[in-house]
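Q: Here the protein sequences line up with chains L and V, keeping their order.
The opening residue of the first sequence carries number 630 in my numbering; numbering runs sequentially from there.
The opening residue of the second sequence carries number 630 in my numbering; numbering runs sequentially from there.
Simulated from the structure, these hints should not be mistaken for laboratory data.
Among the hints, a few may not be true.
Subject to a maximum C-alpha distance of 25 Å in a straight line, what follows is the list of computed DSS-like cross-link-like pairs (lysine-lysine) [what the hints assert, rightly or not]: (1) Lys926(L) with Lys679(V); (2) Lys632(L) with Lys679(L); (3) Lys679(L) with Lys926(V); (4) Lys871(V) with Lys846(V); (5) Lys661(V) with Lys809(V); (6) Lys782(L) with Lys681(L).
Number of protein chains: 2
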Amino acid sequence: MEKFEVTILGCGCALPTIRHFGASQVVNIHEKLFMVDCAEATQLQFRRNKLKFNHLGHIFITHLHGDHFFGAIGIISTMSLLGRTSTLHVWGPIGIEQALQPQINIFCQGMTFNVEIHPLDTKKHQMIFEDRSVEIYTIPLRHRVPCCGYLFKEKPLLPHIRRDMIDAYNIPISQINNIKLGMDYICPDGTVIPHTRLTTPADSPRSFAYCSDTTYKPDIIPYIENVDLLYHEATFTDEEEKEANRYFHSTASQAATIARDCHARQLCIGHFSSRYDDESIFLEQARTIFPNTVLAKENLLIPLTIEH
Amino acid sequence: MEKFEVTILGCGCALPTIRHFGASQVVNIHEKLFMVDCAEATQLQFRRNKLKFNHLGHIFITHLHGDHFFGAIGIISTMSLLGRTSTLHVWGPIGIEQALQPQINIFCQGMTFNVEIHPLDTKKHQMIFEDRSVEIYTIPLRHRVPCCGYLFKEKPLLPHIRRDMIDAYNIPISQINNIKLGMDYICPDGTVIPHTRLTTPADSPRSFAYCSDTTYKPDIIPYIENVDLLYHEATFTDEEEKEANRYFHSTASQAATIARDCHARQLCIGHFSSRYDDESIFLEQARTIFPNTVLAKENLLIPLTIEH
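Could you put the whole structure together from the sequences, leaning on the hints where they help?
A: This is the structure in structure tokens:
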């Protein structure tokens, strides 16, 4: 199966602690890397997880708070020192250009590659990028500053070829792609073998939604319906719901409620406030509502698997 | 003895590695903290070493390369989240205001304290700060961009009081500070006890010089004559002297030569290029010229002790 996996580089909150790095994740879709958020020290975590700078084409920033953004200039500067040539795309709320471009101008003289900055209207749910493997959409969130999440939707995959049938009919390799694309095979004697006989159905395309930082916002549910993996912030435990509301964050149960109501397959919660030493309470509270929940932690790799 | 010690938070070079953080050190002089350089992730290292944000009054930036500066906005932002009220002074080459102030404006809204930015002429050797414990001077260095080192000179200390004599003459505590300041003590019967009889000589004031990044520059020697501790960059081993010249860096032997010729008591070398897996070669080469050399490493604490 083609790769679709999420690596958590950091899942802490605004105040860095010894325990957590600031927010950043890397989504690997068919060996292309997409970064979501880029806190200070993200480049160190990126290296620690043996990810490849050359495979990273896009950085998506959810909002312009330091704990989601301060690492961007560092990773860009490093890629320039490494002699990168391919364009890097940086996406984020309106204002991101003013936050990033002057830093690039000052610190990346003799830059070896282009950085294309794409300011986004965070209030819209829209497709902002697609290639042959994936479509990427914004998810409007509600925080103290303009903020959006990101939805990664794998495009429909090709069916699997049946090795046994290929052998049985002695079909040349040159025909395999055509068969996957839906063409029947015509044998040298004129017999037509329908492509459905030569393949098993494609895997279902998978999807991942990243929702942080945000207050509880159930109107995002239609956008993230049936996601295979939902990452949703849970800055506070249920006991601190007032604090959560006040700072436009969510509680563990609110994150789990979103996961349940959008019929996610799996939930990962993170962005824990630094006030908590023991994070197991988050897990208990979330699992009461949505059992298939895991706690984010640094260097956790979550593969998006398919149930057959 | 009053505290004078240096903690190394990071001693890597431009390209961050798993092994090293970017450049930053904290100088503790009589419990006041002075930071020199502030690479990405410095605030994490600062916490890891259990240093106190409230004791940090000054950040000195040597030059505007990311591996010496990218952590400044993060630490400032964190101190604001922590509700700091006292002014923070940030010193650095001309241009530092343009590099830092816009970031503060964007990311530190509702800032709880003032940041005073002091642009410096890096070509001058001058005293830029003093308080009752220390004088701080710039050291003109030569790098690819304007760059200066910093010299921390402890002010003359008061003599030590002789407990035995105080007891013998039954001198009240209220007089002790006067005696330290050089006043003789007059006994109730009119006898004059000279202050020199009541004290032992003060410890010699200590000094620390931070010289990074720079090409070999022997004309700094008069400024750093007799320093107790010299931190000097050694980005390359002696075999790569050409590379060192090309990028305006120093070799291990060049750093040691500066230490020898300025009659430093101790040398610490760092800023090792990421190309070296084994840094012991730096130590060997430097010790050939200046035996009292140590290798910088993260979280190394170097107390400046006095030989009596």
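Q: Indicate, hint by hint, whether the structure satisfies it.
A: Hint check:
no., hint, verdict
1, Lys926(L) with Lys679(V), "holds (23 Å)"
2, Lys632(L) with Lys679(L), "holds (16 Å)"
3, Lys679(L) with Lys926(V), "holds (23 Å)"
4, Lys871(V) with Lys846(V), "holds (15 Å)"
5, Lys661(V) with Lys809(V), "holds (22 Å)"
6, Lys782(L) with Lys681(L), "holds (22 Å)"
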